[in-house]
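**Student:** Here is what each chain is made of, one letter per residue.
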Amino acid sequence: MIIKVTNLNLFYGKFQALKNINLSVKENLITGIIGPSGCGKSTLLRVFNRMNDLIESAYITGSVIVDEEDVYSPLCDLIMLRKKVGMVFQRPNAFPLSIFDNVAYGPRVWSITDKHTLSEIVERSLKAVGLYEEVKDQLKRSALILSLEQQQRLCIARLLAVEPEILLMDEPCSALDPLATGRVEELMLNLKKKYTIIIVTHNMQQAGRIADEVGFMLLGELIEFDRTNKIFTNPTEERTFNYISGRFG
Amino acid sequence: MGIHFDEELKSVKKDILQMAAMVEESITKALEALKKRDNKMAKTIREIDHQIDKLEIAVEEECIELIARHQPVGTDLRFLIGVIKMNNDLERMGDHAVNIADCVNFLVEQSRIKPISNIWTMAKIANEMLKDSVESFINNDAVRAQKVCERDSVVDEMRNETIRILLTYMLEEPEKVGAAISYLLVAKNLERIADLSTNICEDVIYIAQARVIKHHAEESER
Chain B
1 MIIKVTNLNL FYGKFQALKN INLSVKENLI TGIIGPSGCG KSTLLRVFNR MNDLIESAYI
61 TGSVIVDEED VYSPLCDLIM LRKKVGMVFQ RPNAFPLSIF DNVAYGPRVW SITDKHTLSE
121 IVERSLKAVG LYEEVKDQLK RSALILSLEQ QQRLCIARLL AVEPEILLMD EPCSALDPLA
181 TGRVEELMLN LKKKYTIIIV THNMQQAGRI ADEVGFMLLG ELIEFDRTNK IFTNPTEERT
241 FNYISGRFG
Chain G
1 MGIHFDEELK SVKKDILQMA AMVEESITKA LEALKKRDNK MAKTIREIDH QIDKLEIAVE
61 EECIELIARH QPVGTDLRFL IGVIKMNNDL ERMGDHAVNI ADCVNFLVEQ SRIKPISNIW
121 TMAKIANEML KDSVESFINN DAVRAQKVCE RDSVVDEMRN ETIRILLTYM LEEPEKVGAA
181 ISYLLVAKNL ERIADLSTNI CEDVIYIAQA RVIKHHAEES ER
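Chain order of the listed sequences is B and G. Heads up: the first sequence begins at 1 in this note's numbering, then just goes up one per residue. Heads up: the second sequence begins at 1 in this note's numbering, then just goes up one per residue.
The following block holds chain G by itself, in its conformation from the complex (with noise of 0.2 Å):
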């Protein structure tokens, strides 16, 4: 193992981090779509998804190859695993755009309820949670990472406080229940967006430290 491994994981890299930017692009398309009632901007995301999972399917294909054949060890097998598992939290975030960009194709045809700046809020998170997650994988940065997963939290309870604002809204205009359910849908993909985000800096921490923080594993240890 030497020049050439080192080639093959640096292709490895290049791969995810090409699945990452087509992942990032689909969110984006589809929170756009969701501000702006565009039902045509489907078609451009379902497209994407579908170039996502072929490279989903390239990217473990390469992972698995590597490990049969080079028996990695150390980081460079913390770095093949992480980057197997993050293939497939990546692949799910392609799914959630997908799924908003289905909400915005049921909300064009609903009468509108009064705007929740909670999903925007979230969305952004959300978005730069991505963002950040990706950055620390990046730089190997398990800092950054952490930093990320501590803000899952923050879009969980605005999960939580749009279920509450919906009800509300259900409740005093029962004609607006369609709409309100797929925003509640909305919230609920995003808050998946930020859940596997997170996942993602799980992995990073993996593999620049060897330490498994998910399921709070390490105070468990104790």
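The following block holds chain B by itself, in its conformation from the complex (with noise of 0.2 Å):
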């Protein structure tokens, strides 16, 4: 078990938007979180590396263990956490610098300077999304030429520079067309052989094609929890069969 959610309760101020989670996500399996919009999917994505801190009225009662540490002590340190869990956003958001100063970004913050070093951790992440091939010749020119789908391939190898163990994706195909989607989701299956992945989607075909397990969000709560194969052929909540089957939501 990579992430231990026990009794989680979230508040925007009075707004309860996290009701009583409880949840375990198992190391090099990708977990899909799905559910209507506002259900609270992003805010517990959120709660894995601390983003939401960024929200002041935020705060948490109950636990979450990320590899065996509290994240919510205060003896936790956020920046080594947001290096081992890191995050992809529904549009990619590449900096406005070159290609290889994008993955070499992370890398510099942890004090590595060393070209040859950042060369080969460059070349190392880009293979690893399978975009070397199509921009070796071009690393220093502008991230921002790049189309949609391969920024946000170079978003995911900006987050492996820095060797984290688990990645979490808010809607990272929602801005991509299907071919794009499609290679970005056989990506996320060659990456969860190295790394942990839970991915927020409002699309349930592509839970149904990657997630290993799926936990069906309503109204703050996860309602339910299970393998993919079961919440997609045999849900146990009737609430979740509606959702999935497009009868409401």
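It cannot be assumed that every hint is accurate.
[To be verified] Straight-line distance between alpha carbons at most 30 Å, and here's what the computed DSSO-like set of lysine-lysine pairs gives: (1) G:Lys29 with G:Lys176; (2) B:Lys140 with B:Lys84; (3) G:Lys54 with G:Lys13; (4) B:Lys230 with G:Lys214; (5) G:Lys40 with G:Lys188; (6) B:Lys230 with G:Lys10; (7) G:Lys147 with B:Lys230; (8) G:Lys14 with B:Lys230; (9) B:Lys230 with G:Lys13; (10) B:Lys230 with G:Lys85; (11) B:Lys19 with B:Lys192; (12) G:Lys114 with G:Lys124; (13) G:Lys131 with G:Lys43; (14) B:Lys83 with B:Lys127.
Think of the hints as simulated: they come from the structure by calculation, not from any bench.
These two chains come separately, so use the hints to put the complex back together.
**Tutor:** Now the structure itself:
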């Protein structure tokens, strides 16, 4: 178990966004979180690397253990946590820098300055996301010339450069066309051999295609969490069935 | 997915039930022909079978289209997968009715043998099993379906007994081998109809409860 969430409640001021969440995420699997807009999927994802800290009124009760460490303990090193638990967003957020500098950004923050080492990291990371062959001759060009799919791959490469353990993906394909989506999904399936992936998605079929386990959320509650096969062929909760079959939500 | 999809599922159910009704009619007519040694019924049974074959293709296409267009999940998915399998089983049952009618055609040219009550008992049970399997599908009733499955071994046992009886007849009166073989084939076809009713009930249990009971799958998982 790489993540264990126990009795988690999250509040934005008086509004309770997550209600008594209990969840275990297993290593080297893809865990999908599905549910209608506003159900708390992204909020839950942001709990794992404490991105919700950026919202002043947000506070939690309960515990979130990531890799045997209580991430809400005052002793938790936030910088280390965010290195270990990287995040990919809906729209690729490549920096207005060169392709090389985008990937080298994280390692430089971690004080790696040796050119040779940086080149190695950049090459390895770009290869891991299948982008190296496409961009190896234009590493000095701006990342913003790349297609959206390439930019999303680049953002994933930028995460891999700091050697994380967990990748959080918040609807990583929602800005991509079906072909590009297919390629990013293939990438995720390859990456899960080395990393643990948690993906929030609105696309039910995407969860069905790539996730090993799926959690369905509704109004801040985790209604059901099970193997993907079980969720899609025989969900226990009627509310899960109604949502995944498109009868509400 | 919503009201329209539900309507399309209802239409699939209506079609598969129409097919079941035609199969029941075909089997009833085949058994009637056997009882009356009426070789004129075979033509009607073949005509019904032709309709069943056409309907089988139509139902299969309906299911494939719904799966492709709606990517159903949960009970909707299990329903469509179950119907595809039932569809196939019902079509096979129609073929067995034709086989029985063919046996009658052959039988009327043969000298009569002593009546074999087992055949009629098997026919009655197989017919009831088919009716009950269809009823359990209509009502999504896994308990009733399970009971149908339990009767399959009774029919198997009766078939074995019928084979023993017919073998004795053949040894005692070799000139009646032709008739005995016809009854043997009827017994075999009835036993297959009972088997296929069991298959339908296994599909009903899968649709209703997502349990796979065929080949004792649940026991081997334990």
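**Student:** For every hint, state whether the structure bears it out.
**Tutor:** Hint-by-hint comparison with the structure:
A hinted pair counts as satisfied when its Cα atoms are at most 30 Å apart, and Lys29 of chain G with Lys176 of chain G qualifies at roughly 25 Å. Of the pairs offered as hints, the one joining Lys140 of chain B and Lys84 of chain B holds, with about 28 Å between alpha carbons and a cut-off of 30 Å not exceeded. The straight-line distance between the Cα atoms of Lys54 of chain G and Lys13 of chain G is roughly 16 Å, inside the 30 Å bound, and the hint therefore holds. For the hint linking Lys230 of chain B to Lys214 of chain G, the alpha-carbon distance of about 19 Å falls within 30 Å, and the restraint holds.
A C-alpha spacing of about 22 Å is found between Lys40 of chain G and Lys188 of chain G, which places the hinted pair at or below 30 Å, so the restraint holds. Of the supplied pair hints, the one linking Lys230 of chain B and Lys10 of chain G holds, its CA atoms being roughly 25 Å apart against a limit of 30 Å. For the given pair, Lys147 of chain G sits about 27 Å from Lys230 of chain B by alpha-carbon distance, which is consistent with the 30 Å threshold. Taking the CA atoms of Lys14 of chain G and Lys230 of chain B, the gap is near 28 Å; set against the 30 Å cutoff, the hint holds.
The suggested pairing of Lys230 of chain B with Lys13 of chain G holds, with an alpha-carbon distance near 24 Å, which does not exceed 30 Å. The straight-line distance between the Cα atoms of Lys230 of chain B and Lys85 of chain G is roughly 21 Å, inside the 30 Å bound, and the hint therefore holds. This hinted pair checks out: Lys19 of chain B and Lys192 of chain B have alpha carbons roughly 29 Å apart, not beyond 30 Å. Restraint check for Lys114 of chain G and Lys124 of chain G: the C-alpha separation of about 19 Å stays at or below 30 Å, so the hint holds.
Note on Lys131 of chain G and Lys43 of chain G: the hinted pairing holds, with a Cα-Cα distance of about 24 Å set against a maximum of 30 Å. Pair hint Lys83 of chain B plus Lys127 of chain B holds up; C-alpha atoms about 20 Å apart against a cutoff of 30 Å.
Of the numbered hints given earlier, the model fails none.
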